[in-house]
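Here is how the chains run, residue by residue.
There are 2 protein chains.
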Amino acid sequence: MNTTTQPVLFTQEEVADLKKEIGTDSLMGQTIEKLKAELNTYMAMPIDVPGHGEAGGYEHNKHKQNYQYINLAGRLFLITEDEKYAKFTAALLSEYADKYLKFGFHIQRNTNPPGRLFHQILNEHMWLMYASLGYSCISAWLSEQERAHIVDNLFKPMLEMFTVKYGHDFDRIHNHGIWAVAAVGICGIVIGERKYLEMSVYGLNGDGETGGFLAQISQLFAPSGYYMEGPYYHRFAIRPLAVFAEVIHRHMPEVDIYNYKGQVIKQTTQALLATAYPNGEFPALNDASHTMGITDMGAVVAVSMYFKRYGFDKNLVGMADIQQQVWLNACGLALSRAHQAEDNVEPPFWPSVELNEGEKGDRGAQGFLRMQGKDKDIYQLAMNYGQHGMDHGHFDTLGISFFNRGQEVLREYGFARWVNIEPKFGGRYLDENKSYARQTISHNAVTVDEQCQNNFDIERADIVHGTPHFFIGEGTELQAMSAFANQHYPDTGMQRTVMMLKTDLLENPVLIDLYRLTSEGAHQYDYSHQYQGQIIRTNFDYKTNTELHPLGGNFGYQYLWNLARGEVKGSALVSWVQGNSYYTWHGACAAADSEVIFTQTGANDPQFNLRHETSFIMRTTGKDMLFASALETHGYFNEAVEASVDARGKLHCIEVLGHNEIGSVVRVTGDNACLTVMVSNQPNVTETTEHQIEINDTTYSWKGCLAVKQETK
Amino acid sequence: MNTTTQPVLFTQEEVADLKKEIGTDSLMGQTIEKLKAELNTYMAMPIDVPGHGEAGGYEHNKHKQNYQYINLAGRLFLITEDEKYAKFTAALLSEYADKYLKFGFHIQRNTNPPGRLFHQILNEHMWLMYASLGYSCISAWLSEQERAHIVDNLFKPMLEMFTVKYGHDFDRIHNHGIWAVAAVGICGIVIGERKYLEMSVYGLNGDGETGGFLAQISQLFAPSGYYMEGPYYHRFAIRPLAVFAEVIHRHMPEVDIYNYKGQVIKQTTQALLATAYPNGEFPALNDASHTMGITDMGAVVAVSMYFKRYGFDKNLVGMADIQQQVWLNACGLALSRAHQAEDNVEPPFWPSVELNEGEKGDRGAQGFLRMQGKDKDIYQLAMNYGQHGMDHGHFDTLGISFFNRGQEVLREYGFARWVNIEPKFGGRYLDENKSYARQTISHNAVTVDEQCQNNFDIERADIVHGTPHFFIGEGTELQAMSAFANQHYPDTGMQRTVMMLKTDLLENPVLIDLYRLTSEGAHQYDYSHQYQGQIIRTNFDYKTNTELHPLGGNFGYQYLWNLARGEVKGSALVSWVQGNSYYTWHGACAAADSEVIFTQTGANDPQFNLRHETSFIMRTTGKDMLFASALETHGYFNEAVEASVDARGKLHCIEVLGHNEIGSVVRVTGDNACLTVMVSNQPNVTETTEHQIEINDTTYSWKGCLAVKQETK
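Protein chains in written order, with UniProt numbering: chain A, 1 to 713; chain B, 1 to 713.
In case anyone wonders, no lab produced these hints; they're calculated from the structure.
Think of the CB as a built atom: it goes at the ideal place given N, C-alpha and C, for glycine as much as any other residue.
One or more of the hints may lead you astray.
Stated by the list, open to error - Far from chain B, some chain A residues (derived; all Cβ distances over 10 Å):
id, residue
1, Ala16
2, Asp431
3, Glu547
4, Ala592
5, Thr699
Stated by the list, open to error - Reference excerpt, derived from the structure (chain A facing chain B, CB under 8 Å, subset only):
id, residue
6, Met43
7, Asn61
8, Glu342
9, Pro351
10, Glu639
Stated by the list, open to error - Pairwise CB distance ranges (calculated):
id, chain 1, residue 1, chain 2, residue 2, range
11, A, Glu547, B, Gly262, 41 to 49 Å
12, A, Asp504, B, Arg250, 49 to 57 Å
13, B, Gly406, A, Lys434, 31 to 39 Å
14, A, Gln407, B, Thr688, 57 to 65 Å
15, A, Lys87, B, Asp25, 52 to 60 Å
16, B, Gln12, A, Asn638, 31 to 39 Å
So that you can see chain A by itself, here it is in the shape it has in the complex:
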């Protein structure tokens, strides 16, 4: 035998440093305490290595827990020197070694080939990566015979399966592939067969281009580091990415992995973290759960790795504070110490960023604006003007989401799936995911003629992308972004410009939105807003329906109950309370008449698969059209203490003054003043482009992308 008996991710000095954290109230001390308690609870149950089961079922969960606790128990043995953890790790691994080859393969159920433990090898990769890491922590403690049993009957057959039986899959450049190479590479180190590490890093061919980790990290991300499936999938890929990077750093220093390809590891980690809302949740871009956030283990590992390898950033300290744990190794320790040294840990406040998409960064972008209110509350506005997110993509180019006061205000529905709830269609994606959650109307966007963008054709959607127009992400008073999407509806061009504006007129930054459509022919335009909470008032009469019908028959409309509608002349006001905050939306369009429709999901949902969520839609018809709105955040409501402050807000109305190929001009009027907002509609606008528009004998002129003029009454 020539297996190593060194832990893969620990030196003796590091172990000694970690040992000192036990019992302290540092994040690392708390992490150790918490994980020890969890492991002790788990160890109190009998060891069980079950056979095959369904995704989300008992067996599946048990195998998953087993690998997590093998990894954890190994590390805790090193750090605490308590032999019970080594015994547990050894016993569990030995039982797997006893049984593994006796398990047949699962029946193949999807495109991912089946393993012996799990229905798809993705999970088996995860199993091997963690089991190898845990094993490496106790291998010196094991007898040679024990080591041989585990290596010969468990690790080697797994490696054989991944690199030979499923060798054709091993070189695939795909986010799942990172798990495969991390598992194989790490297990190779553990059993002392470096060839597996080599093939994991450089691919089966050894060229570093057609497969392997280096090829993956070079090809999977845009130059900005953005991963096209969105943060929900990115945080899943970042886990093996960070783990394996750290392993390569230690065991293959010649690669200089943390500086590889212009620090692609740094770039993509930062790109993931910069999408997160201030409370640590990720916007549910594409198919994604609404609750996934930086407390996910992938993000915990990534934040600790990033801090250790790329240096101090107080946003990372803020994120660790939300995570309330660190990665249990030297990376996490560095972050924990920084956290402890900070007198006053503030929430993460990442700079605004436009993350380009596509291999060359030329296929649109995802824009993220962040601004702090007077009370230091962080506002975040995200807009999608990039690519379609592959098979998990949503048809929502120019869709936005908006967050403040600790909650998502203009909301993403996320996926239609009750993840891992076995009686709910096995926890898998539901039919309603395609027929509702991916449709344009389920987003904060404009739906044309009650149809989905790209006619819900993924192949078509994969070809097109949004076009960035301008991005102003630096200001503390005004930030804005603008983009075009001219290929997403037949014969219809679209441009959306969103901005956050802080003014002395208002207590908080206001979100201003100009959504412009151009077409030779007449269309119906539905400008929709997904909100949560209770309607407080409107400035127009509406009629609630005494019987409910679906709003439409297709493209997601079939799921919307048509609750109420009202005719609007001029500026419409819809005000609601969500949590402790009031929101008042003023919306108008460049048409004499429009209507506002209130909806709730749940129609044609024969198995109660959808959550019941609400929206309001401003609907009008026309050829060229401009929608404009201003969303004011104001006041405070707390039912428990029966307090309500400023339930009305300060803005009065919004007017579309005019729009053409040169620019759009809208006016927002409030208690003491009005704001004239002028936006360039010229694709090639620069900072010096002069604009001039004549509207009703008034000339509006400005230079550059955007101008806001405030007049006091």
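Place chain B on chain A using the hints.
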């Protein structure tokens, strides 16, 4: 002038003790810190004493904040000796004294007469009580001239108004009356006119029976201490009650207030606290907000007073831990010290209690059962079998609510009101409060013939009440309560028996419910369950409606959308996920056929006044009828970490074996065993009553109120 210059609620020694808490991390230290920060923020704004305004509007809120901060600033001046607090208090009081007599009276808007600051004198009473307390803390610091200005132009006119102009109201025995006497009595001490204290304690006549605090506390509560309007109103009355009791204790020791009438102060405080859910929220009995809890200032004051005056109780320490603050005086200090001395503060776990109603305790009761699960989670089950709660009463006799895992599971809707949200009908009760929230169908009860109990006639409802049958509140394995309501529907008797049962079959206590109806004629019975969350599965086919209609036309049914219905043979299963927990309901009835209807509120709600909440109703028709159900709490769901455990539960079904005037017998079957539950239906049952029922050749016999027999398969 003969005004006292002593603080009403502080001795010098007490002030010195409180001073020591500044900067410590005790609850008192934290309380001081938090209140200081709040006051400093308030003091940073210009002083404003506005004129009249609407309830919930700016002026109303400002006057309210002003009295709170006068009281607080006075105390903080004593404790911190920082003169800025005295100056602020003095400046604010002086400005009120400048303006008060120049304010006319508000226009009378309801039965409560108007004040000069507020639209109803209730608020003016609150103002005076707090302003007097705050004034007493700085009066020694004031010049004699300043004192005279405040006393002559503010306090004396107020006292005159309350005791002369509105003297006819002063002696009313009513919960609002406690505020009146507390304000007048305390202000009397402050200005050195003891006659006001005397009339506040003994009434205008001085007899202690027709008016005044002693008469109020003797007559407002049942012998159990329960206040018939329910905890939401009780916690509002308990605030002046506790404050004034403490004042009387200090300034009229001869009354021996804390021992008055068999310790009625203790009794009623305990009765209030014992209704609270384990998370500190009050069940929304009668008109009540769904979020009101023990963090309300009244409960904070009451918990601190109760601890100081009636001694150590670890449940009070647990409550203080939820409150995260104490009353800022010697009472709170005692509690804070106890809290600090406790190594491991546990959540409050009050004993189960049956709180009788009516002056003599013979008009039914409110039952509260509490049981701890194996994981120490506290389950609470409440049933109303008492009186109608006067003008705020709900028509829900035999209605239940059920709480575990930190959330209300079988839910109260609470009031239909957006409290203090001025644009929402002035923050007042909405029409839907009567037409929906008070109706029987909005509760967890049986509605007969789609009508409301007592035909929604308050006068009729005031006459009748529930009849306790038995109450078993001691057991750690089995607790139960049973009651009759035979006068609430024409020609229909009702009996409900609910129990919580802990068995080795199940991970958690199960709620078992037997709801029996008896009638000569045939009726439609709707057995309704107000739940929240997402339906996971059923064991029967149901059809969701492709267009929605209201379920009925009256008595609250007009607000229920009929979402779906399914036919049931035998035992029905409805399972849902709420938060992190799964719930599975098994229900059956003594009829061959029944149906289950799924509803959501929101029909006929032209102004979006209602929250959208869901229920399921088991409907059947018959004469005598027994509904039986078992509600299992199981598993764990956490979307953020994508974990789902035991989404199915262990129970299979429930059967109604039989019921008659002797008893009811039902069987609950689970994975490994079945439970036979036998309940006495005999009104005069005792512990020794023998019961025997023959059903399908099997004889079921038991002794006493209730028996549960477990058979393993």
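Problem set entry | Earlier hints that do not hold, by number | 3, 6, 8, 9, 11, 15
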